[in-house]
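Student: Sequence:
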Amino acid sequence: MDYATHLSRIATTLFEAMAKNLELNLKSTKSYVSEKTGLVRVYRYPCTEVGWGMEVHTDSSVLSILNQDDHVSGLQVLKDDQWLTVKPISNTLIVNLGDMMQ
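Per our numbering, the sequence shown starts with residue 1, numbered consecutively.
These are calculated hints, taken from the structure and not from any lab test. These figures come from a predicted structure and were not determined experimentally. Heads up, the beta-carbon is just placed ideally off N, CA and C, and yes, glycines get one too. Don't take each hint at face value.
Each pair of labels, with its calculated beta carbon distance range [claimed, not checked]:
| no. | residue 1 | residue 2 | range |
| --- | --- | --- | --- |
| 1 | Asp99 | Lys27 | 34 to 44 Å |
| 2 | Asp2 | Val95 | 17 to 27 Å |
| 3 | Leu84 | Ile10 | 21 to 31 Å |
| 4 | Met100 | Asp80 | 17 to 27 Å |
| 5 | Asp81 | Thr12 | 28 to 38 Å |
| 6 | Ile65 | Asn21 | 34 to 44 Å |
| 7 | Ala17 | Thr92 | 18 to 28 Å |
| 8 | Glu23 | Ile89 | 29 to 39 Å |
| 9 | Ser60 | Ser28 | 14 to 24 Å |
| 10 | Leu75 | Gln102 | 13 to 23 Å |
| 11 | Ser90 | Leu24 | 26 to 36 Å |
The calculated lysine to aspartate or glutamate pairs, modelled on EDC-like cross-linking and capped at a C-alpha distance of 16 Å, are [as the list claims (entries may be wrong)]:
| no. | residue 1 | residue 2 |
| --- | --- | --- |
| 12 | Lys87 | Asp69 |
| 13 | Lys27 | Glu16 |
| 14 | Lys87 | Asp70 |
Take the sequences, apply the hints, and build the full model.
Tutor: Below, the structure is given as structure tokens:
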């Protein structure tokens with residue numbers, strides 16, 4: 001299996017488990033993780049000068065799966081009005097719940 005197929009399976013499994021626990025109608029919500037809606041997107045942002053980065057944003061999707069890279073940090077989370085840097089750990093995945101799931 002290729003990388004995208006594995007990520008697709010992980011995303012679908014996670015979504016179905018959350019939908020079941022939240023008692024959502026799986027039939028009507030399954031399209032949220034459909035390949036037609038861009039289930040797997042691979043982003044590799046170019047290196048930027050120090051101090052440059054993406055604007056503060058939320059993920060509008062149902063969920064995002066981020067592949068950690070121990071050479072590049074930059075992911076931050078907002079907790080108690082303070083930005084905390086997420087330490088990258090190689091060979092791990094981070095699952096973010098997006099706006100649609102919240």
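Student: Given the hint of 17 to 27 Å, is the C-beta distance from Met100 to Asp80 inside that range or not?
Tutor: 25 Å, holds
Student: Could one say that the CB atoms of Asp2 and Val95 fall in the range 17 to 27 Å?
Tutor: Holds - the Cβ-Cβ distance for Asp2 and Val95, about 20 Å, lies within 17 to 27 Å.
Student: Between Asp81 and Thr12, does the C-beta distance stay in 28 to 38 Å?
Tutor: Roughly 35 Å apart at Cβ, these two residues keep to the hinted range, so it holds.
Student: Need the status of pair Lys27, Glu16: alpha-carbon distance at most 16 Å?
Tutor: 10 Å, holds
Student: Would you say the C-beta atoms of Leu84 and Ile10 sit inside 21 to 31 Å of each other?
Tutor: 25 Å, holds
Student: Given the hint that Lys87 pairs with Asp69, test it: the Cα-Cα distance must not exceed 16 Å.
Tutor: Roughly 10 Å separates the two Cα atoms, so the pair holds.
Student: Please check whether Glu23 and Ile89 have a Cβ separation lying inside 29 to 39 Å.
Tutor: 33 Å, holds
Student: Quick check on a hinted range of 34 to 44 Å for Ile65 and Asn21, using CB atoms only.
Tutor: Violated: the Cβ-Cβ distance is about 19 Å, outside 34 to 44 Å.
Student: Taking 16 Å as the top limit, are the C-alpha atoms of Lys87 and Asp70 close enough?
Tutor: 8 Å, holds
Student: Given the range 26 to 36 Å, decide if the beta-carbon distance of Ser90 to Leu24 lies inside it.
Tutor: 34 Å, holds
Student: Measuring from beta carbon to beta carbon, are Leu75 and Gln102 in 13 to 23 Å?
Tutor: 18 Å, holds
Student: Starting from the hint 18 to 28 Å, judge whether the C-beta atoms of Ala17 and Thr92 obey it.
Tutor: 19 Å, holds
The structure is inconsistent with the numbered hints 1 and 6, although it conforms to all the rest.
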